[in-house]
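K.L.:
When you get a sec, could you build the whole thing from the sequences and use the hints?
All you need for the working numbering is the position in the sequence shown, starting with 1, plus 4.
I should point out that these hints are in silico values taken from the structure, not numbers from a laboratory. Note that the structure is predicted; figures quoted are calculated from it, not measured.
The calculated SDA-like cross-link candidates involving lysine to any residue, where the alpha carbons are at most 20 Å apart (straight line), are:
hint : residue 1 : residue 2
1    : K414      : L366
2    : K224      : C259
3    : K357      : E415
4    : K353      : D391
5    : K122      : D383
6    : K122      : D105
7    : K331      : V410
8    : K98       : K349
9    : K47       : P12
10   : K424      : M330
11   : K376      : E153
12   : K122      : V343
13   : K272      : S468
14   : K47       : V9
15   : K353      : A412
16   : K47       : F200
17   : K341      : C427
18   : K334      : Q309
19   : K435      : D391
20   : K99       : E114
21   : K353      : A118
22   : K341      : A412
23   : K357      : E401
24   : K385      : A367
25   : K341      : N61
26   : K47       : S11
27   : K385      : E464
28   : K302      : T443
29   : K353      : V343
30   : K306      : R333
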Amino acid sequence: MLTRVPSPNQTAIFNWVETGTGNAIIEAVAGSGKSYTLEQCVKLFKPRESYIILAFNRDIAHELASRKLNARTFHSMCMRPALNARGQRDVEPKKLQILIDDNLGDKDVEMYGAFIRKLVAMGKNMGFGCLTRATPEAWADLVEHHDMELDNERASMERALELADRLLKASNESDLVDWDDVLYIPVLDGLSLPKFDWVLGDEQQDTNAIQRALLRKIMKPTGRFIGVGDSSQAIYGFRGADSDSLDLLAQEFNCTRLPLSVTYRCPKLVVERAQEFVPHIQAAPDASDGVVESMGMKWDHKVFQAQELVVCRTTAPLVALAYRMMKDRKPVMIRGKEVGEGLIKLIEKLNAKGIDALVSKLAAYTAREVEKATAKGQDDKATNLQDKADAIMCIVESLPETNRTVPALKEALEEMFRVKANCTELSTIHKSKGLEAHTVYWMIPAKCRQPRQEWQQRQEANLSYVAITRAKARLYIINEQTKEAA
Numbered sequence: 005m006l007t008r009v010p011s012p013n014q015t016a017i018f019n020w021v022e023t024g025t026g027n028a029i030i031e032a033v034a035g036s037g038k039s040y041t042l043e044q045c046v047k048l049f050k051p052r053e054s055y056i057i058l059a060f061n062r063d064i065a066h067e068l069a070s071r072k073l074n075a076r077t078f079h080s081m082c083m084r085p086a087l088n089a090r091g092q093r094d095v096e097p098k099k100l101q102i103l104i105d106d107n108l109g110d111k112d113v114e115m116y117g118a119f120i121r122k123l124v125a126m127g128k129n130m131g132f133g134c135l136t137r138a139t140p141e142a143w144a145d146l147v148e149h150h151d152m153e154l155d156n157e158r159a160s161m162e163r164a165l166e167l168a169d170r171l172l173k174a175s176n177e178s179d180l181v182d183w184d185d186v187l188y189i190p191v192l193d194g195l196s197l198p199k200f201d202w203v204l205g206d207e208q209q210d211t212n213a214i215q216r217a218l219l220r221k222i223m224k225p226t227g228r229f230i231g232v233g234d235s236s237q238a239i240y241g242f243r244g245a246d247s248d249s250l251d252l253l254a255q256e257f258n259c260t261r262l263p264l265s266v267t268y269r270c271p272k273l274v275v276e277r278a279q280e281f282v283p284h285i286q287a288a289p290d291a292s293d294g295v296v297e298s299m300g301m302k303w304d305h306k307v308f309q310a311q312e313l314v315v316c317r318t319t320a321p322l323v324a325l326a327y328r329m330m331k332d333r334k335p336v337m338i339r340g341k342e343v344g345e346g347l348i349k350l351i352e353k354l355n356a357k358g359i360d361a362l363v364s365k366l367a368a369y370t371a372r373e374v375e376k377a378t379a380k381g382q383d384d385k386a387t388n389l390q391d392k393a394d395a396i397m398c399i400v401e402s403l404p405e406t407n408r409t410v411p412a413l414k415e416a417l418e419e420m421f422r423v424k425a426n427c428t429e430l431s432t433i434h435k436s437k438g439l440e441a442h443t444v445y446w447m448i449p450a451k452c453r454q455p456r457q458e459w460q461q462r463q464e465a466n467l468s469y470v471a472i473t474r475a476k477a478r479l480y481i482i483n484e485q486t487k488e489a490a
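P.N.:
The structure is reproduced here in structure tokens:
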């Protein structure tokens, strides 16, 4: 029995579950009640019909499981079968690097190692070697799609693709299992997985070829599939997710398309702003007007309160803001522990004995690496390198004269990325996926870029849409970067 009156969109979906046939894609805008819709779909299944909901990450899986739903991630479903197939107890994240070091000479490791490690990981996500042949043409197409460039100007792309193919074959023959293998090996080795009458996939705009193959493996011959997603929230193409995943799913599974176009999260003015990127998103009939305002330069760190969310395309402005709030004893955290760990690893890599030496080494390293990346057309890499350096320098410039030390710098980073309760939460837009708050601040929208690849341009527009639709009541836009946020 349904617990509340469903919307017309939801009624159409529930009718399809009860009386329809085949498979479906639910095209759900941000805040449209996806979890509620999935929960009600499950209640409509016949008593003996089995089902599984495959979530994009652990947080979503835990949220769905808390509602007494059978929800798992792809990785949790496949980990034990993949490890058992290769006789392993644990995942070895450094598998590809181990194979590179064991099978390539020092010169090839230095010149090609990082490039082929990333390329082979992408190839596994695309199903190279099991779903499709890993031909030289296929490798070259993958390189072009992701706008990848070699790290050394003396390197040969032909040699790189040859080594990538060798590395994939060595990986497939190895007993070690890395995180990509957890999903790849069940398809490569034809492993048997549990099969279900209903397979429901959440956040399906972020799936790749291997994940689509796994969906097919776990469906009974008479099983049905429901994929829920929003193509306008596809932002993980850089990880290997297909930017047109929903269209590919609809084609492969011959899906009926069912809209879920009304957002119950965002007020009317926020929806109007979101419609600049996604015209079909609609506000709920009883939605409040809400607030959308541009703050310009009329702000400082004291404006942000606990339970509010601040999002930005890049990390450095968030680090600067967090440090100022910490100095003023305002509770704050930056989402993404691994981001902070990456900044600390860069500091340690430079191996500087003092702050002045660190600043000098960081400037030289950043200038050199950004110049190399820019010359090769690696815009994403150049931007990320500069963002890391800027983030570190934000804290360096704010350290008190009495404690300008490398340990103090690292301690500040550890503190701002430590998880806390009842604080202002800062997040890159990528990390804000799945978050919401009554009051959201979108810092410096101009940080969203215009890359060269068409699919990357679409994902940058999607990032703007994601940032806007985190707001449940008020959206404040900070268009200019002041000295305080610099």
